[in-house]
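Undergrad: The primary structure of each chain is shown beneath.
Number of protein chains: 4
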Amino acid sequence: MKIFVTGGTFDKEYNELTGQLFFKDTHIQEMLNLGRSRVPIEIRTLMMVDSLDMTEEDREIIAQNCLKSAEDQIIITHGTDTMVETAKVIAQKIKDKTIILTGAMIPYKFGSSDGLFNLGSAFAFAQSLPKGIYIAMNGRFFNYDNCRKNKKTGEFEEIK
Amino acid sequence: MKIFVTGGTFDKEYNELTGQLFFKDTHIQEMLNLGRSRVPIEIRTLMMVDSLDMTEEDREIIAQNCLKSAEDQIIITHGTDTMVETAKVIAQKIKDKTIILTGAMIPYKFGSSDGLFNLGSAFAFAQSLPKGIYIAMNGRFFNYDNCRKNKKTGEFEEIK
Amino acid sequence: MKIFVTGGTFDKEYNELTGQLFFKDTHIQEMLNLGRSRVPIEIRTLMMVDSLDMTEEDREIIAQNCLKSAEDQIIITHGTDTMVETAKVIAQKIKDKTIILTGAMIPYKFGSSDGLFNLGSAFAFAQSLPKGIYIAMNGRFFNYDNCRKNKKTGEFEEIK
Amino acid sequence: MKIFVTGGTFDKEYNELTGQLFFKDTHIQEMLNLGRSRVPIEIRTLMMVDSLDMTEEDREIIAQNCLKSAEDQIIITHGTDTMVETAKVIAQKIKDKTIILTGAMIPYKFGSSDGLFNLGSAFAFAQSLPKGIYIAMNGRFFNYDNCRKNKKTGEFEEIK
Chain A
1 MKIFVTGGTF DKEYNELTGQ LFFKDTHIQE MLNLGRSRVP IEIRTLMMVD SLDMTEEDRE
61 IIAQNCLKSA EDQIIITHGT DTMVETAKVI AQKIKDKTII LTGAMIPYKF GSSDGLFNLG
121 SAFAFAQSLP KGIYIAMNGR FFNYDNCRKN KKTGEFEEIK
Chain B
1 MKIFVTGGTF DKEYNELTGQ LFFKDTHIQE MLNLGRSRVP IEIRTLMMVD SLDMTEEDRE
61 IIAQNCLKSA EDQIIITHGT DTMVETAKVI AQKIKDKTII LTGAMIPYKF GSSDGLFNLG
121 SAFAFAQSLP KGIYIAMNGR FFNYDNCRKN KKTGEFEEIK
Chain C
1 MKIFVTGGTF DKEYNELTGQ LFFKDTHIQE MLNLGRSRVP IEIRTLMMVD SLDMTEEDRE
61 IIAQNCLKSA EDQIIITHGT DTMVETAKVI AQKIKDKTII LTGAMIPYKF GSSDGLFNLG
121 SAFAFAQSLP KGIYIAMNGR FFNYDNCRKN KKTGEFEEIK
Chain D
1 MKIFVTGGTF DKEYNELTGQ LFFKDTHIQE MLNLGRSRVP IEIRTLMMVD SLDMTEEDRE
61 IIAQNCLKSA EDQIIITHGT DTMVETAKVI AQKIKDKTII LTGAMIPYKF GSSDGLFNLG
121 SAFAFAQSLP KGIYIAMNGR FFNYDNCRKN KKTGEFEEIK
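Protein sequence lines, in the order shown, are assigned to chains A, B, C and D. Residue 160 is where the first sequence ends in the working numbering, and the numbering goes up by one at each step. Residue 160 is where the second sequence ends in the working numbering, and the numbering goes up by one at each step. Residue 160 is where the third sequence ends in the working numbering, and the numbering goes up by one at each step. Residue 160 is where the fourth sequence ends in the working numbering, and the numbering goes up by one at each step.
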């Protein structure tokens, strides 16, 4: 399995000198150690950005990396705000892999994060869903072309 | 989805007056709130026992509850030591449901638990695996009749 | 003992919908429960502000509340950036009480906070130091007129 | 300042293979890093025992180390059950140092521990109380010859 890290709330940290949130390194490996994961994986950080700052070029980089990946089970950690946009770009290019985008509403380092639960579900969906591009959030999975983030509740929901 | 709680390390707590570990209430709902799960679920506590203390009668109770359950996606939280034994009892009686047994090596209340990761993966496997009885641990899923807990590493592994 | 809450990093929380830090309620009582404190106390929230936004009027309110307080052991939770300025305003008006200003570099809700350690030391200093106005940070106490926050390290140090 | 580590609930950890609590290394330095302490200290582990298993010989070792210590501000981390007994042994031999015994009801590694609060208060009491032997628990300090642990509540209280 391959994990591409792109940033998002997942990996944000608190800078105690400035009081600002910022990115340093990804916490994915630390989270997988905590979860005692024994799934063979390869983690690659593609970028560390807030998904509101993600450009079309960034999405292209993500899609190209999915394309080139030898593994056909891929997880992408991503900010929730534009997760669906990135999923659509990927879906235009890739049909024969199971790609799961996931994220978090609370940074992992803040203790009470949903990140570990989401990562666990993303791992499972990557191993068990048919080829396709999916969002894994709120314990559920969504087809990339049938969901949105509800900005009021912070939850993902079906569009129809 | 249905969740049957049977105890196990998952739900153990520390009694600060005696220094012993004990069971009080399950933390599943609290964990699902943390994970922001929006999967419709019904939680039922069947027992609160260490799986080393689980009797054949206990396993029968678990199997009967799975049988009677209207839902065909079922998660069972269970101590890891005899998780496979319980899975075998269930498998003898039920073929037409997706039943996932999961647990934890560290109690959820101890802060650095694998429980939230495991619960996330169990939720996902329950929604996406075909009918059958499975163990979800270490980020992976195992067929009930092809795995064991390695007592030295604390990890689940395939038998063959 | 009296505790006046004024905000500061101590009590900041993460708004998962906006990604911003904000103030809701103080966590002092929750922290004292965790610490199993049995010191009789009265907690009063005077304001909930970032200390960089604190006005002279705010400092006057704090000083007046210290003056009017029946207790002569007082703790003030306060943002670290202007903690010393507030201490000076209080010192001009009050000589006959032991007043301890304390704070945190990391919000209590973020899990890995220095807040609980600082609160424990503030409680102890309030009970054992002679009358005067002090800063309690980094496990130490400082006279209000002989310390500053080092903006590069985030630590308090003597001026001398 | 000197810190003598003797074990106690403070430093207990959970062995995930056996389900038992055990001692490995002390967490004092990790806790002081979290608290951003800048008090010059020297930590020395004398033993790692449950205080119910502590022998008179152990207490003698603790007292001798306090005697020989060049520092006259000393903190001893200790199980709460026999903390008072050890304090009495020390008090027979030492009059000219400020010695604070402290501990915890919940292990530091379990996330929701009172340990960090207690350690903060012990640090402050060691710097501000007159020479003598004290217990620092529940946010308070007690003279060694005037307190006991209430076994029902787990709290320390004055005797008379």
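To be clear, the hints were calculated from the coordinates, so they are not data collected in a lab. None of these values were measured; they are calculated from a predicted model. Heads up, a few of these hints could be off.
Which copy? The list can't say, so a pair holds if one copy fits it or any two copies do.
Below, a list of computed lysine-lysine pairs in the DSS-like style, where the Cα atoms sit at most 25 Å apart [claimed, not checked]: (1) Lys152 <-> Lys97; (2) Lys97 <-> Lys149; (3) Lys24 <-> Lys152; (4) Lys95 <-> Lys24; (5) Lys2 <-> Lys88; (6) Lys131 <-> Lys24; (7) Lys2 <-> Lys97; (8) Lys2 <-> Lys24; (9) Lys131 <-> Lys97; (10) Lys131 <-> Lys109; (11) Lys152 <-> Lys93; (12) Lys151 <-> Lys109; (13) Lys152 <-> Lys95; (14) Lys24 <-> Lys109.
Undergrad: Now look at each hint and say whether the structure bears it out.
TA: Evaluated hints:
1. Lys152 <-> Lys97: Answer is neither: 32 Å inside a copy and 36 Å across each miss the 25 Å cutoff.
2. Lys97 <-> Lys149: within (24 Å within a copy, 31 Å between copies)
3. Lys24 <-> Lys152: between (29 Å within a copy, 18 Å between copies)
4. Lys95 <-> Lys24: Classified as neither: same-chain Cα gap 33 Å, cross-chain 46 Å, threshold 25 Å.
5. Lys2 <-> Lys88: within (19 Å within a copy, 33 Å between copies)
6. Lys131 <-> Lys24: Result: close neither inside a copy nor across copies, 33 Å intra and 43 Å inter.
7. Lys2 <-> Lys97: within (11 Å within a copy, 30 Å between copies)
8. Lys2 <-> Lys24: within (21 Å within a copy, 35 Å between copies)
9. Lys131 <-> Lys97: Both ways: Lys131 and Lys97 sit 5 Å apart in one copy and 23 Å across, limit 25 Å.
10. Lys131 <-> Lys109: neither (32 Å within a copy, 37 Å between copies)
11. Lys152 <-> Lys93: The answer is neither: 31 Å in one copy and 45 Å across copies each exceed 25 Å.
12. Lys151 <-> Lys109: both (23 Å within a copy, 23 Å between copies)
13. Lys152 <-> Lys95: neither (32 Å within a copy, 42 Å between copies)
14. Lys24 <-> Lys109: both (12 Å within a copy, 20 Å between copies)
Going through the hint list in order, the structure does not satisfy hints 1, 4, 6, 10, 11 and 13.
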